[in-house]
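If you read the sequences in order, they're chains A and B. Last residue of the first sequence: number 126 in this note's numbering, and the count goes up by one each step with no gaps. Last residue of the second sequence: number 118 in this note's numbering, and the count goes up by one each step with no gaps.
Because the hints were derived from the structure by calculation, they are not lab data. Quick reminder that beta carbons are idealized off the backbone N, C-alpha and C, glycines included. Heads up, a few of these hints could be off.
To be verified - Reference excerpt, derived from the structure (chain B facing chain A, CB under 8 Å, subset only):
hint	residue
1	Pro44
2	Gln46
3	Leu48
4	Phe108
5	Lys110
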Amino acid sequence: EAEVAQSPRYKITEKSQAVAFWCDPISGHATLYWYRQILGQGPELLVQFQDESVVDDSQLPKDRFSAERLKGVDSTLKIQPAELGDSAMYLCASSTSGTNNEQFFGPGTRLTVL
Amino acid sequence: AQSVTQLDSQVPVFEEAPVELRCNYSSSVSVYLFWYVQYPNQGLQLLLKYLSGSTLVKGINGFEAEFNKSQTSFHLRKPSVHISDTAEYFCAVKRGGSNYKLTFGKGTLLTVNP
Numbered sequence: 013e014a015e016v017a018q019s020p021r022y023k024i025t026e027k028s029q030a031v032a033f034w035c036d037p038i039s040g041h042a043t044l045y046w047y048r049q050i051l052g053q054g055p056e057l058l059v060q061f062q063d064e065s066v067v068d069d070s071q072l073p074k075d076r077f078s079a080e081r082l083k084g085v086d087s088t089l090k091i092q093p094a095e096l097g098d099s100a101m102y103l104c105a106s107s108t109s110g111t112n113n114e115q116f117f118g119p120g121t122r123l124t125v126l
Numbered sequence: 005a006q007s008v009t010q011l012d013s014q015v016p017v018f019e020e021a022p023v024e025l026r027c028n029y030s031s032s033v034s035v036y037l038f039w040y041v042q043y044p045n046q047g048l049q050l051l052l053k054y055l056s057g058s059t060l061v062k063g064i065n066g067f068e069a070e071f072n073k074s075q076t077s078f079h080l081r082k083p084s085v086h087i088s089d090t091a092e093y094f095c096a097v098k099r100g101g102s103n104y105k106l107t108f109g110k111g112t113l114l115t116v117n118p
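For reference, chain B alone in the conformation it holds in the complex:
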């Protein structure tokens, strides 16, 4: 079975600063990786996903993530954050193939301060 570890439960940053949210996964088989964002009292929205190919994945809202197979990591980055990026961010992993479920990490609360 696969699992996901988000190394930071909270990340406070100042506006326009760069940010990195860390995610490590464990799996004995090939996986697909995802980052979701959740604003207060809302559902989850997909930011980006890695299925195959280029290890650098670009998503919405200026976010990007890099898949590192040797380090089993999928860290999320943004070069300059805005107040509106304040939200909970979830890393998720899915075993390759059909009908395998998404396994989510516990989330990282990103708080962008003025």
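Pulled out of the complex, with its shape left as it was, chain A reads as follows:
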């Protein structure tokens, strides 16, 4: 069964360092999402791609976060510099194009900033 892959699964870093997360969506899924899930909260959308184009990045803290999906397949989310408040689970999801197509989630990357 096809799955969304994410790496690393866990990342511990010190504040002010740079971190990067990688996501490989299900083959053929044109839409890719990055979510941040703070402990005890539901996921919050950071950025949505349609192929290689950004559709929504209204909640992405652009002073320190960046996301790219250069060839419209896999994607990287970067934080530079990391802050203590960035500690969270970062989830990637993908779906086929369309209004209500199911989003399939990866296992997530748990980031701890010390």
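Model the placement of chain B on the given structure of chain A, informed by the hints.
Below, chain B without anything else, positioned relative to chain A:
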């Protein structure tokens, strides 16, 4: 903008007992509603969704939910729970149409005790 309120942060039940997880939403336009489950250190999995049609929606693992437009609710139910149902459950809402994002509630931790 739409929002979701999950009325219970934690619900403890005994095995084989019925359970209801409550979800209310607010929106001035038509919406689509979803329930997701998240097991520890994993991504989210779709349990069921309401897009249109019958207000009683059946999902995986024996769960069902009823859409009540007048009460703006979408409560999740299961007649008999198992230990393996212990997980975090998230209600989510999406405005009808394309390119609108999912808004998640804060989650309800269901703990099934023997």
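So, going through the hints one by one against the coordinates:
1. Against a cut-off of 8 Å between C-beta atoms, the interface hint on Pro44 (chain B) is violated, since the closest Cβ of chain A lies about 11 Å away.
2. Annotation: Gln46 (chain B) was flagged as interfacial toward chain A, and the flag holds, the nearest CB pair being 6 Å apart, inside 8 Å.
3. Interface hint status for Leu48 (chain B): upheld, as the beta-carbon distance to the closest one in chain A is roughly 4 Å, under 8 Å.
4. Taking 8 Å as the C-beta contact cut-off toward chain A, the hint placing Phe108 (chain B) at the interface holds, the least distance being around 3 Å.
5. The restraint placing Lys110 (chain B) at the interface with chain A holds, with a minimum CB-CB distance near 5 Å, inside the 8 Å limit.
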